[in-house]
Amino acid sequence: MGGAASAKQRSNFIIHLILIAGAVIMVLPFIWMILTSFKTTTEATQIPIKIFPAEPSFRAYADAIKQSSFLHYYANTLMAAFMKTVFPVIFSAMAAFAFARIRFPGSGLCFFLIISVMMVPNPVFYTPQYLMMSNLGLVNTVTALWIASLVSPFATFLLRQFFLGISKELEEAAVLDGCNPFQIFRHIMLPLVSSALVAVVIIQLLWSWNELQWPLIINSSPEKLTLSAGLATLVSMFGTDYPVLMAGAFMAVVPMLVLFFIFQRRFIEGVAFSASKG
Amino acid sequence: MIMRKKSATTAVGALLAASLALTGCGGNSNDGNDANGGASSPEASKAAGGDSQKSVTISYTIWDKNQQPAMEAIADAFTKQNPNIKVKVDVIPWGDYWTKMSAAAPAGTLPDVFWMHGGQFIKYASGQFLEPITDKVQAGEIDLNNYAANLGSIYTLDGQNYGIPKDFDTIGLAYNKELFDQAGIPYPDDTWDYAKLAEVAKQLSQPDKGIYGFGAKLDTQAGYWNDILANGGHIISDDMTKSGYDEPATIEALQARYQMILDKASPTHQQMTDTDAVEMFKSGKLAMIFDGSWDNGNLASSEIIQGKYDWAPLPKGKVKRGNIINGLGNVMSAKGKHKEESWQFLKFLGSKEAADITAQMGAAIPAFNGTQDAWVKSKPELNLQVFIDQAADATPYPSGSKSYPVWFAKESEIMSQAWGGAISVEEGAKKVAEMMNQAIADAK
Amino acid sequence: MNSKSRYAWAYMMIAPTLIGTLVFWFYPAVYSIYLGFLKSENFGLVNHWVGWANYERLFKDAEFWQNLRNTMLYVVLFVPTTIVLSTFFAVLLNAKIKGRSVYRVIYFLPQVTMAAAAAMVWVIIFAQDYGLLNSVLGTHVAWISDKRFAMYALVAVGVWGAIGFNMLLILAGLQGIPRPLYEAAELDGAVGFRKFRSITLPLLTPTLFFTSIVLVIGATQIFDSIYLIIGKTNVALPSVRSLVYAYYQNSFIYYDQNYGAAIVNVLLLINLILTGFQFLMQKKWVVYD
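Residue numbers (this note's numbering), protein chains in the order written: chain A, 532 to 809; chain B, 24 to 467; chain C, 172 to 460.
These are calculated hints, taken from the structure and not from any lab test.
Treat the hints with caution; some may be incorrect.
List time: in silico DSS-like cross-link candidates among lysine-lysine, alpha-carbon distance up to 25 Å [what the hints assert, rightly or not]:
1. Lys539(A) with Lys269(C)
2. Lys287(B) with Lys318(C)
3. Lys269(C) with Lys425(B)
4. Lys200(B) with Lys400(B)
5. Lys339(B) with Lys219(B)
Turn these sequences into a full structure, and let the hints guide you.
Here you go:
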């Protein structure tokens, strides 16, 4: 018994050791980002490397803020994230419900048309979407950042899986009560898939937050860029002034980090939850 | 349910409005109207602000962040004279500038007024993305003879004028006096040739300390293009029909520069990618570097080399003293919403007043005749006169061909293979020549 | 409620997604095919039909084949590494140990970092002279500009960013495996790795299948890290340049959007083949109960 317990302890110790090693690798880049952002340019490229700045300097933050439009980046990123999260969830939930729970002519074809888009690599869309935005007069506008993403085939696909898993009885009772399909959707089905909705919100949010290539292509004025495209601009502007780049990077990751620490359970459960029906 | 939906719509509307307000669309941001500070109802301010209804904001896009303060000062001076026209100065860094402009041009979203480069000009002018100013020139609103050398002619296509010269630039040899003093070597002067440069660079290098004599960077205008010209080679033939990269004199010049890396007289391409050569010079790790007159403000901003660096002319080559002269222009979009106001600003940018601001703030050598001296004197401790003196014999930037934007974008990628040692310099140069000739053929 | 009105409700409910998808996604995808047959001038404002010319040029272009090889190599290195490591950490975290939730949060951190921001830090971690990695290892390797290492550096960055998310997916799959199965196996004397091989792995295959499909589609589109970590004048660029990077370069830097369209159209075809192949192979290894 005692032997078994100590063997268990030993194996737990090894597991912790491995997990901690992994955790260090996960966190190290952040720490390095923050440390570097407070160094002087010379300190950042010193040989041998210097781990801590001799005297923390805010010069890099001042430069990054002065030379770029961070306030605009924040506002635009937030706006795009909001539009690309809220609307796809609403629209996809409605469509997913209809595809999962209502038999109607053409449902197979319509569903196929929607999810076929999921197989297409994103860059295939960029040039045609750019030409479309150009025709609509939307190039270099905040609207162009989100308008195509008001709908999400992926979210529709995922939510349909969840709606399929709900038992029929609940629905039948509601039909007897004279509810129309939208009422059934709104009052009975939607609450049942609320966890799935959270999962979709989180996945859309992360995806929207990370997107780099599209904002880079479609918008040019500094005040129309998102945080990620703004960072790419910062790289072009400051070249190898690493403290400034790191200050910019840190300012760009902070909002999502804060959001993540507040809602960490939601984030983690949301992602895990999406897997259960993927 | 309906309530919820409604509030969601309101929220979206509010956010939209907020974002519009933040991005300052529409341009009637008449916030400085203190008179109606008390009467804050929207109707009241609308009525009171009747005069400022016409107030517009135009955008002015540039690519050099070091010149932003000067450009903003010019914009302020302009707004003082034209209170109803505000100018927003945006910087899109050089590395992204033409990518962004080429996406904006066909979409009709070019900035109202923006910097133009000789190499890119034809593409934009022939695509009719730029507003011709020929009639204004003919009407005498602006006199293109006011500008130095031939700068006025750069932004002319098929008899139409499109741009007003902003500045011109030449290349100089920046050196770190402290590193020369420590080694007891006299400073560079106009007697230097390329052999001397290589020799001294070797003497000044202390690779173990991370200090090098020269930054033999992968660069065109402020780099090996000058070497090529000095050595009697060409970048492109004079009639713009054939690349000069495969000429023996060109290859020899490129090899000589690359040899400095092999001799450890210069950091490697890798080191100069990790830390930009100009940054190295600014942190006192490079004794010498070629750099453009436009970049003096950048060098001067470094506390480390403040008062410790100066400028000399480029060294002589086998054939001549090579130097590239280029002139930027200000142009306006053909699709701008406020063309009249943009023209007023463009005209102001071409004025002596704007040139004086440019000069005094040390931003760039203004194109306006007689204002160059003020630029030289903006930093009296530095020998900025070398840039002006070299202008006389300098070779114009190899712009003027339709294919330039394509081959220029591809050139650095091929040459980086040579500079990084993946292929020989000769191979790289020949590949560039082949690529350029193809691009020239494609553009017909 | 009659079926006609049910239909009406259904059409109304799918309308936003259907119309939005057709207009903003389906039509552009079809239009991209069309673009591949054109040659444009003046920033795309003037177009000529050139048939298969773009593709003929593409298939003759040695650089294209190199880019294709690079992309496939990235997929082959990135996807299995991510799956193995994610499964490994998921299994560790599935054990009853203290601080599980803390580990999950930490491992998820790279996922909430903006990819662009993370890429910028990796540049100074990989730097040759003053990079953190070389200092820690006591080496002097040019991780991102030596063509022998650059691809692995990109894979490492990709895996670092992907483990947290995929680990959670796999963890969810693990927690779906009924306990009694393990208890039965333990009675049979199965321990450690054997237990993992005979029970965990087979029952995890549906999750692994889903994860691998998503990872493959994502990996074929690698762009951000090449754009931000490798950069335009890096000597190792030809050894890591992906199809999507080449698309971006040709379309937006070299003013040839049609050649760019041809590149991504080929990528589309490759993705269809890869996904189809995965679905075919699915029968061979995925266990559905």
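Verification of the hints:
| no. | hint | verdict |
| --- | --- | --- |
| 1 | Lys539(A) with Lys269(C) | holds (13 Å) |
| 2 | Lys287(B) with Lys318(C) | holds (22 Å) |
| 3 | Lys269(C) with Lys425(B) | violated (67 Å) |
| 4 | Lys200(B) with Lys400(B) | holds (20 Å) |
| 5 | Lys339(B) with Lys219(B) | holds (10 Å) |
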